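Enquirer: As you go down the protein sequences, you meet chains A and B in turn.
The first sequence begins at 1 in my numbering and counts up by one.
The second sequence begins at 1001 in my numbering and counts up by one.
Don't take each hint at face value.
Stated by the list, open to error - Cross-link-like lysine to any residue pairs, in silico, SDA-like; alpha carbons within 20 angstroms at most: (1) K168(A) to R1079(B); (2) K1080(B) to G151(A); (3) K172(A) to D1158(B); (4) K1152(B) to L1036(B); (5) K1080(B) to F44(A); (6) K12(A) to R132(A); (7) K1150(B) to D1121(B); (8) K1096(B) to A1020(B); (9) K172(A) to C1107(B); (10) K168(A) to D1121(B); (11) K1096(B) to Y1129(B); (12) K172(A) to T1026(B); (13) K168(A) to D1158(B); (14) K1152(B) to E1018(B); (15) K89(A) to E52(A); (16) K168(A) to V1126(B); (17) K172(A) to E1018(B); (18) K12(A) to E28(A); (19) K168(A) to Y1129(B); (20) K1096(B) to Y1114(B); (21) K168(A) to F1111(B); (22) K1080(B) to G121(A); (23) K1152(B) to H1142(B); (24) K1150(B) to D1127(B); (25) K168(A) to P1125(B); (26) K12(A) to T29(A); (27) K168(A) to S158(A); (28) K1080(B) to G126(A); (29) K1150(B) to E1018(B); (30) K67(A) to P149(A); (31) K172(A) to Q1087(B); (32) K168(A) to Y1114(B); (33) K67(A) to Y148(A); (34) K168(A) to G1109(B); (35) K172(A) to D162(A).
To be clear, the hints were calculated from the coordinates, so they are not data collected in a lab.
Model, not experiment: these values are computed from the prediction.
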Amino acid sequence: MQTPLDPVDLAKLSLKDAVLDVVEFRGETTIVVDPQRIVEVCQFFRDTEGLEYIFLSDITAVDYFPKEPRFALCYHLYSMLYTRRLRIKVYLPSDDPRLPSVTSVWPSADWEEREAYDMMGIHFEGHPSLRRILMPADWEGHPQRKDYPLGYEQVQFSFNFDDIDRLKPYAKD
Amino acid sequence: MGVAGKLGNLGVVTTTLEAAINWGRTKSMWPMLFGLACCAIEMMSTQASVYDLSRFGMELMRASPRQSDLMIVAGRVTRKMAPVLRQLYDQMPDPKYVISMGDCASCGGIFNNYAIVQGVDEVVPVDVYVAGCPPRPEQLIHGIMTLHEKVKTQRIADWA
Chain A
1 MQTPLDPVDL AKLSLKDAVL DVVEFRGETT IVVDPQRIVE VCQFFRDTEG
51 LEYIFLSDIT AVDYFPKEPR FALCYHLYSM LYTRRLRIKV YLPSDDPRLP
101 SVTSVWPSAD WEEREAYDMM GIHFEGHPSL RRILMPADWE GHPQRKDYPL
151 GYEQVQFSFN FDDIDRLKPY AKD
Chain B
1001 MGVAGKLGNL GVVTTTLEAA INWGRTKSMW PMLFGLACCA IEMMSTQASV
1051 YDLSRFGMEL MRASPRQSDL MIVAGRVTRK MAPVLRQLYD QMPDPKYVIS
1101 MGDCASCGGI FNNYAIVQGV DEVVPVDVYV AGCPPRPEQL IHGIMTLHEK
1151 VKTQRIADWA
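Generate coordinates for the entire structure from the input sequences, incorporating the hints supplied.
Expert: So, in structure tokens, the structure goes:
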């Protein structure tokens, strides 16, 4: 078992221009990366001796509407050997957010990327089967975006009870 | 019940066919296992020892819809689960009854959003609504007894 190496130093050495920014906050390291080179970056972090982030904890998506770039994807990595965590962040523009899929690096990214697609509308190129996972298959819209309406139906009080009752879809047997 | 007073000593009871059939349906209604969320815990505790549902004839909850005649929708129904719910309801043989247990099944509860069906009566026709979040076992038993009252008022003329 090798001594753990510093991920930031190794990344800046090997992946020179892919690394855009490094943020360190209260013990958590975040490396901001170019989105089109995400597969190469993830393979580097998984395979290098001394880093070995073999576990992808989660892929989360953020919507910074109305700021540009609008979307951000966070890949939360965990190294079981050295028990430490790392976050890789990519920023995506608001029109047509696409980037390569990392399912070839960690197979568990399959469902996590489907969730990011379903909720935020981020397309993953090279994904084995990119379809909705939480919403029904024919749903329109991406619910967790900031411009998606918050509630669903008008609240039925006594004064507007009959008006709303007429429009509610009841099951006929 | 009719001339029961005179024939009671002989062990004979007279009644109407309607009352007898409704009595049979009421006393042996088998619920289907359909606990979805937190209301399922209350349904389980109603089935368990202190608030016993077996004394109402509901000895166990059938997992198969083909062998049950009461569906207690306990918990939130998501938009993705709604077609499944409808399919299970269609697989139940007549006469079938639906109790919508809890606020989320009755009206969407506190979840007024894209993911939860706002009231399970958008999907299946409901006989009794039980309010509560979650309803206590006594409330669910009151709902079941209200359903029994409803079944007792059913007439043969409506079946044909």
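Enquirer: May I ask which of the numbered hints given earlier this structure violates, with the numbers listed in increasing order?
Expert: Violated hints: 4, 5, 6, 12, 13, 17, 20, 28; rest satisfied.
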